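Q: Protein chains in written order, with this note's numbering: chain A, 69 to 318; chain B, 128 to 667; chain C, 221 to 682.
It is possible that part of the hints are untrue.
Below, simulated DSS-like cross-link-like pairs (lysine-lysine); rule was C-alpha separation at most 27 angstroms, straight line [as the list claims (entries may be wrong)]: (1) LYS298/A <-> LYS470/B; (2) LYS353/C <-> LYS334/C; (3) LYS286/C <-> LYS142/B; (4) LYS414/B <-> LYS334/C; (5) LYS339/C <-> LYS415/B; (6) LYS470/B <-> LYS126/A; (7) LYS225/A <-> LYS334/C; (8) LYS345/C <-> LYS222/A; (9) LYS469/C <-> LYS174/B; (10) LYS126/A <-> LYS280/B; (11) LYS298/A <-> LYS197/A; (12) LYS404/C <-> LYS469/C; (13) LYS280/B <-> LYS175/A.
DEER-style ranges, computed between Cβ atoms [claimed, not checked]: (14) GLY231/B <-> SER312/A: 27 to 37 angstroms; (15) GLY516/B <-> LYS403/C: 31 to 41 angstroms; (16) GLU374/C <-> SER257/B: 56 to 66 angstroms.
If you are wondering where the hints come from, they were derived from the structure by calculation, not from laboratory data. Here the structure is a predicted model, which means the values were calculated and not measured. Every residue gets a Cβ at the ideal spot worked out from N, C-alpha and C, and that includes glycine.
Listed below, chain by chain, are the residues.
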Amino acid sequence: MKKLFSIIIIGLVVIQGIFAITADEIIKKIEESENLSAIAEGRFEITDNLGTRVTTFKSYEAKNGDMMLEFTNPEERGQKILRLKNEIYLYFPDAVEVIHLQGDALKDRIVGSDFSYEDLRGGESLLDKYTATLDGEEVVDGEQCYKILLVEKKGAKDIIYPKQVIWVDKNLFAYRKGEFYSYSNRESSYTIVKNMAVLEIRQIKGKNIPFHIVMKDTMKTNSSTVFQLKDMKIDINIDPAIFSLEELTW
Amino acid sequence: MKLYKIAFRNISRNKRRSILSGTAIAIAAMIITILISLYAGIGKDMKKNIYTVLTGHIRIRHNEYDVNEALNPLHLGIDNYKDVLERLENTDNVEAVNPRISFGTAFYGSPRLFLQDVKDWDRFITLLTSGNNPVFSFLKEKYLYVRERLARKGTQIPDIESIASNMDRMELGDVLYGINEVLERYVLYDPDRFAGISLSEETLAYTERDVPFEERILFNRLALQDAFPGLIIDNPRSGKLILGMGMGMDFQKDAGFMNLETKLESGGIPQSDREAREIILSSGLAKKLNASVGDRITISTKTKYMGMNGITVKVTGIVDLPVAMYNTRFFFLPLDTAQNLLKMDDSVIEILILLKDINKMNTTVSSIKNTLSSVGITNLDVRAWDTIGVYPAYILMLDIVGYYVALFFFLLGSTVIITTTIMVVYERMREIGTVAAMGMKGSQIVRLFFLESFFIGAIASIIGVLIGSGIVIPLGILGWDWSEGLESADFAMSSLLKPAWSLRNTIIIFVYSTAIASIASFFPARRAAKIQPVEALRAV
Amino acid sequence: MADKKRKPFILFRPFIFTGKWIAGVIYFWFVTILWEVIIRELILNKNHIRRFSLQLGLKNLFRYKKRTFITCIAIAVGIAIFIWTDAFIMGFEKDSDTNFILYETGSAQILDAKYVEEKDYLPLKYTIKTPDKLISFLKQNGIPATKRIVFGGEIFFRNGSKQATVYAIDPATNSDVFSLNTKKVLTETSVFIRAGMQETMIGEWLADDMGIHLGDTIDIRTRTRTGAFTTLTLNVTAIINTENPVINKAGIFVPYDVADEKLMMQGEATDVPVNLADWKKIEKETARVSSLIANDYPGLVVQSYIDLFGGGTIMESKRYVINVMLVLVFVIAAVGITNTMLMAVFERIKEIGMMRAMGMMDPGIRVTFLFEAGGIGVIGALIGLILGSLLNSYTYFIGIDFTGLMGRMEFGYRMLNIFRSTWNPQTMIIAFSVSILFAMIASFIPSSKALGMEVTDCLRYQ
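Given the sequences, and given the hints that come with them, work out the whole structure.
A: This is the structure in structure tokens:
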């Protein structure tokens, strides 16, 4: 009886989800699944007009959004990026001070990739900054997706891309594709500057995690960044000391 | 009687006239000497400031570096540079070589205390060592803890007992390192410790909340300022982004290039040791940072792999560079420290070469090219410094202006000499008439006057050139301080200018002045000799 | 940085800075004596004697034609070269200043005090809030002004991209301060950017470098004031070739209102360049503007083009070298003039003896010689002025062409390939009067000596 009851409840939720899901709900759902504590290993593959480089890292993420990323490739070994709320700190093994990134320095690219430090700044929901609207469904890489338009809210702070378009896998509730726009003086008011494609989504403990992402600067022909996870463990206990500046500086 | 004897007699007979015309020639010769040396000094100085600091006489780089220079392509370096270096050192006509890595950096606007941020070290040390003050007792206690923690990591800082005001700056810097570690971690403020101390509003605001780690040092600085007025200053670096140009180099091979060792204002040359992490700052940059010998500074830059890297370095010396443009931007560090920071492994960006004989530049360039290609190194660009970037135009410009200046001065000097000499001859028309009437031949008269002018010209030129040299040579040694005028000059001119006296130029000026004086007498004398003695006698 | 421990070697410095004063004292001393002589002459002697002195002086001038000629030449060449050298140097400086002012900065700028500190990073957060109000206020006070937003961006064209500094200018008022909208500057069929139009104007070297032609479309990517990406897609309607290499090499101009809207500047401006007519008194003028805006616009500062160039690089540092050169030219010229004159008078001490023996009064003789010397000075100086002006006309109108030698190089000075001198009436007047003065002083000394001697000694003088 109990079992049946729960099945009905779940069924109702699902049915309601299918029929009346809004853009806000989709995003909330994704963000909920992103809200996890995780330890992951992965790599960046950065291509620009100087060639291609590979950087590997290990990252730790706490449920509250704090994150620590440690580089493991020989060139950057031991360097750490710590994100606490909205602040970014850099730790270098040969420096006695932790560098607090502020202002223009946040616009710098991480290891020369198409991601900048400010892309790392999180803590807030997309919905705090953007108004989301569902713009129908499209097929991306053979998968049915919701297409969602995100347009900045008036007065929202720290907006880098005033408009984003994201494609969310209808079954997995994970990103499939993204487009990031700048303002523009053209009639459309926005110009695409970066696009993102998710090439692989893996399911871990019931959560759908993008494992392979390609980020491209649309104005540069020979520039791209590949972000690839090798391994990820989620919902595990992480020593809070990892996210402590104090520990980082010893 | 010999003609030259008459000439001499004539010169000494009318001393006033001889002195007057001689003075004109002497002054002209003197000024030309001064000016040419001065200009040569400026030119030589600018060139020297370019080739000793930036290019060498010959510069070797990866052949694709220049095209991509704007992208700072550190991966286009010279690999196995030691090998190349050795071959270069054994090449003919090579005086010195120096491997270099130049790179742009940002200095972290650190909230930490620098040595000069503490205004009164005696008081600071007394407070710390005496243990009478509750705030400093707390600081001392934590210092000892930090000392122990650092020791575990392998970093030694002085014990409290050994802290004294006569410590050298490097040791004091180590003490300050420990103090900064304390200030960064622990909150000094406590109602009991700060009993009776009136706090500023800004400080009070901190006391009312739980101060997060990254703000503790700011809070502590404020609290210290309130509790001990005049002990430390406001953070002069806070929020400032200070940029610098780093130059990794081999200090042992610097002789002949920048000679940094002789330009040290304080401190010494860094150790060539990856672990030591030491640098020299130019004095202008040190001033901007309020840094001094013993301070630890964190710098960050892009590595060869386009990632960021940061490193904390110790300032071991401050150098005073002659060129204002360099002196406000440059800092120097051992090659291996730079390689470590930039992840350059064993490569360098460029190798600069100084030559023994600069006139053999081209042959040396080609012999270096041959040497390199004979061992299979073909990806390097070997260039004489006067074919690099803007420098050829720069030098050309300098030379062209130089020629104009010289032309003007020779022209003016010649006019002075010529008018004086012609005047002298014309004034003596009657005398010419007299000697002609006494039977002296025209050609003899011309020769007589020529000789007179020649002697006056020669003596005056010698005097002029000697006085000029007498002014210029000491100036060339002592230097002439233009710093007032060149404080922020944006070109490679030293603020201490040394005129370049050269024997060759001096001889040219001497010969020229003498020749002009002699030739100037020739034409009026020849005319005078041609006219009838009666007419000449009538002349006034 | 200036270094206290290094002892300044001050051989020439006092001469350069106090030279003016020394010259002033000599001048004053001499004019006093001159007046004394002339007044005494007027009071003590009858008119006909004075007239006689004048006539004799002039007569002597033409009687000793050769001597006059030679002395005149000495003076003329001295003056000509001095004037020319000065014009050359001033021309070089003036051109660089002019090109800096007209194309890059304006003669002064009004900026936020904090902006000045961080100017290198082109921040958009420290601005002038009400530029239009400020501009109309300045206009009421007779100061033309315009507004700009200067920002850093990356330009994209085809496959290339480049970091650049972009100037958003107000096409309506820009020409009140800058000289960008002129036929000389705009190449071929270029049309100056218009307000509200999606147009851009770029430097010629930059255009060549990136392969951009008139009519092409380029993208400029930058950040708004709050940090969001913004892309300006603009039509290249103008390619400019100024005499300022920095503008040619990296200048990109866009209409103010386009940038204002897309950078979310809300009508604010990063700087307000003003046109202060008198560049020579720039410091005074700057101070005047400062005091003008001090009350209503706290937090704003006025920076002259010298400040903007980086603390007087153009003016002071080069002026130093130049002063030394001018002093040296001056010394040679002065020696030439004085010496020839001295010699001319010394030769005539016998003549003075004769005049005295014939009963001419001492003041009369003195004035005669002064008039003669003055005459030579005037003639020589006039010839010198003409000669100098002729030489200068060449370098002024035609100039010296460095094209081909310099290529598209740029090193600090805002100068292009053709170098032109300038006219500097001040130097001309000074050189003119000083040379006459020197000629007169030079004749005064030996004639005084002769007047102090016994008449018989004078007659016997060799």
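Q: Run every hint past the structure and note whether it holds.
A: Hint check results:
A hinted pair counts as satisfied when its Cα atoms are at most 27 angstroms apart, and LYS298/A with LYS470/B qualifies at roughly 26 angstroms. Between LYS353/C and LYS334/C, the direct Cα distance comes to roughly 21 angstroms. Compliance with the 27 angstroms bound is thereby established for this hinted pair. With a CA separation close to 23 angstroms, the supplied pair LYS286/C and LYS142/B stays within the 27 angstroms bound. This hinted pair checks out: LYS414/B and LYS334/C have alpha carbons roughly 20 angstroms apart, not beyond 27 angstroms.
A C-alpha spacing of about 16 angstroms is found between LYS339/C and LYS415/B, which places the hinted pair at or below 27 angstroms, so the restraint holds. Pair hint LYS470/B plus LYS126/A holds up; C-alpha atoms about 20 angstroms apart against a cutoff of 27 angstroms. With a C-alpha separation of about 23 angstroms, the suggested pair LYS225/A and LYS334/C falls inside the 27 angstroms cut-off, and the hint holds. The straight-line distance between the Cα atoms of LYS345/C and LYS222/A is roughly 19 angstroms, inside the 27 angstroms bound, and the hint therefore holds.
Between LYS469/C and LYS174/B the CA atoms are separated by roughly 25 angstroms; this keeps the pair inside 27 angstroms, and the hint holds. Restraint check for LYS126/A and LYS280/B: satisfied, since their Cα atoms lie roughly 24 angstroms apart, inside the 27 angstroms limit. Distance check on the hinted pair: LYS298/A and LYS197/A sit about 31 angstroms apart at the alpha-carbon level, beyond 27 angstroms; violated. The hinted pair formed by LYS404/C and LYS469/C meets the criterion: a straight-line CA distance of about 17 angstroms does not exceed 27 angstroms.
Restraint check: the Cα-Cα separation between LYS280/B and LYS175/A comes to about 34 angstroms, which exceeds 27 angstroms; the hinted pair is violated. Between GLY231/B and SER312/A the C-beta distance comes to about 32 angstroms, which sits within the given range of 27 to 37 angstroms. About 33 angstroms separates the C-beta atoms of GLY516/B and LYS403/C, a value consistent with the hinted range of 31 to 41 angstroms. At roughly 59 angstroms, the beta carbons of GLU374/C and SER257/B sit within the given window of 56 to 66 angstroms.
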